[in-house]
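Novice: Chain by chain, the residues:
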Amino acid sequence: VDLVELKTAQAAAQRSRFQALVLPHLDDATNLAWWLAGNRSDAEDIVQEAVLRAFKYFDRFSGEKARPWLLAIVRNTCASWMQKNRPRHLTLVGDPRSEAEMEQGAEIETAPSPESQSEHRELAREIDRAVASLPPDFREAILLREIQELSYKEIAAVLDVPIGTVMSRIARGRKLLQIQLKEAVG
Amino acid sequence: MSIFEPMGFIMDCESLHLYFDGELDTVAALAFEKHLETCVQCRADLAEFREIRRHLQGELSRMPAGDGLRQKIEAGLSDAQDEDTPPVRRRSTTWQKFAIAACVVAMVSSGATHYLEQPNEEALWTQGIVKAHERAMLADHRIDVASSNRHTVKPWFSGRTTVAPLVVDLGDAGFPLIGGRLDVPLNEAMPALVYGAGPHVISLYMRPASGEAAPALRKIDGFSVLAWTGNGFAYTVVTDADGTEAGAFQKAFAAKAATMP
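If you're matching them up, the sequences are chains A and B in order.
With our numbering applied, the first sequence covers 1 to 186.
With our numbering applied, the second sequence covers 1 to 261.
Source of the hints: derived by calculation from the structure; they are not laboratory data.
Idealized CB from N, CA, C, for every residue including glycine.
Careful: at least some of the hints might be erroneous.
Unchecked claim - Selected chain A positions facing chain B (in silico; Cβ < 8 Å): (1) F55; (2) E119; (3) V131; (4) E146; (5) Y152.
Said to hold, decoys possible - Simulated crosslink set (DSS-like; lysine-lysine; CA at most 30 Å straight-line): (6) K251/B to K65/A; (7) K154/B to K7/A; (8) K154/B to K131/B; (9) K34/B to K175/A; (10) K72/B to K84/A; (11) K7/A to K219/B; (12) K65/A to K154/B; (13) K251/B to K219/B.
Unchecked claim - Residues of chain B placed beyond 12 Å of chain A at every Cβ, according to the derived structure: (14) L69; (15) A123; (16) L124; (17) R150; (18) E188; (19) G196; (20) P215; (21) T259.
The shape of chain A in the complex, shown without the other chains (with noise of 0.2 Å):
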């Protein structure tokens, strides 16, 4: 037994159990970092600290849903992360949708009819526009429940909340949605 080959092949099956479990959900990792920090270049590095990080700590998981795990490193790196690269006074109100339409722009036009497709176009970017606008703590919440799918128990694990908290910031998000909404669309 070489001690060296034993470290090297357990490292290899360490990465690969790694690869297998966590990285199937990096496109939903990626995604929460955009909707969290407003930009791309920030989300691509907030993610890849996090993924690091969840490596680093990967002993430490055990068995629970490797998705909500990863997304609650995701989202305590993105709030460490605006706190050291973003002054305080500045809220953040990102605007995904703008890059999104420069960089899928050919994607977002397969609507059938030029009409619907302007139409479409026109409630996809208020949704966008809603959700960009809520309070971060009201907007994460809701990724979380509506995209995620995650239950207020995973919620409320992510977010280091209580439930009680979850179930209120997503109430009064939904009710901010619904209002916007209404107006946008009608």
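Since the structure of chain A is provided, determine the placement of chain B on it from the hints.
Specialist: Using the frame of chain A, we list chain B on its own:
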């Protein structure tokens, strides 16, 4: 507005979000549905929340992880592991072997095996062939049989290894066959086919396997490692060329292999 249920449940507008999010148990959900029957406001809100959810899930912009980010992360993982692994290889002494054995016994008996990752065969194989490729490149011992003719390369292996490799000519696709090499990635001699890719060298390893698996790319020790299964073999490419080049090679090889008898 609230109603009182015989089983003692009071359900009112407060529970609308819990109901909508599937957070109520069956009894409570039924009680809330009773409330819904009488509450116009909740019914209207519920319909709107459904609509909002449909829009969020269907139309909200999303940003997936791009290839650039994925590559950075893979590279970061390699760096993180390199820091943990000592660069100099040492043979373990007898007392170290005893120490390891004692640790293993202690871990098994203490139930701590959960934390000891079992190095799986697949990982060992991959690690083995990456090392073999690296050795061949460092020693400038790229090939044992030099030939661009697959009818020369294939028979050379018979008698030297139990695996009869599938050798195809990919010169047309820009990957000329350079020759073959005998490697010992684990404890058995295995065939490695050597192809050129511009200034780069590709080692292709194969061992018999059933089924099909889509190509999966990894970066190990700076090499692109691309593995896939098909045509009765599990293939692994190891090369200093980048992932795109490895992918192009894989496509060309798989296409050619599919036409072979």
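Novice: Now tell me, hint by hint, if it's right for this structure.
Specialist: These are the hints, each one checked on the structure:
1. Interface hint at F55/A: satisfied, since its Cβ lies 6 Å from the closest Cβ of chain B, which is below the 8 Å cut-off.
2. With its C-beta approaching chain B no nearer than about 12 Å, E119/A sits outside the 8 Å limit, and its interface hint is violated.
3. The criterion of a C-beta within 8 Å of any C-beta in chain B is met by V131/A, whose closest approach is roughly 6 Å, and the hint holds.
4. Taking 8 Å as the C-beta cut-off, the interface hint given for E146/A holds, the closest approach to chain B being about 5 Å.
5. At about 5 Å, the closest approach between the beta carbon of Y152/A and any beta carbon in chain B falls short of 8 Å, and the interface hint on this residue holds.
6. Straight-line distance between C-alpha atoms of K251/B and K65/A comes to about 35 Å, which puts the hinted pair past the 30 Å bound.
7. As the CA atoms of K154/B and K7/A are separated by approximately 36 Å, the hinted pair breaks the 30 Å bound.
8. The hinted pair formed by K154/B and K131/B meets the criterion: a straight-line CA distance of about 23 Å does not exceed 30 Å.
9. Restraint check: the Cα-Cα separation between K34/B and K175/A comes to about 23 Å, which is no more than 30 Å; the hinted pair holds.
10. Of the pairs offered as hints, the one joining K72/B and K84/A holds, with about 22 Å between alpha carbons and a cut-off of 30 Å not exceeded.
11. The hinted pair formed by K7/A and K219/B meets the criterion: a straight-line CA distance of about 19 Å does not exceed 30 Å.
12. Between K65/A and K154/B the alpha-carbon distance is near 48 Å, which puts this suggested pair outside the 30 Å criterion.
13. Restraint check for K251/B and K219/B: satisfied, since their Cα atoms lie roughly 18 Å apart, inside the 30 Å limit.
14. With a least CB separation of 5 Å from chain A, L69/B falls inside the 12 Å interface cut-off, contrary to its annotation.
15. Residue placement check: A123/B does not keep its beta carbon more than 12 Å from all beta carbons of chain A (closest about 4 Å).
16. The beta carbon of L124/B is not kept farther than 12 Å from every beta carbon of chain A, the shortest such distance being approximately 6 Å.
17. Against the 12 Å criterion, R150/B stays outside the reach of chain A, whose nearest CB is about 32 Å from its own CB.
18. At roughly 17 Å, the least C-beta separation between E188/B and chain A is larger than 12 Å, which holds for a residue marked as non-interface.
19. The beta carbon of G196/B is kept farther than 12 Å from every beta carbon of chain A, the shortest such distance being approximately 28 Å.
20. In this structure P215/B is separated from chain A by more than 12 Å, as the shortest Cβ-Cβ distance comes to about 14 Å.
21. The Cβ of T259/B sits about 32 Å from the closest Cβ of chain A, beyond the 12 Å cut-off, so the non-interface label holds.
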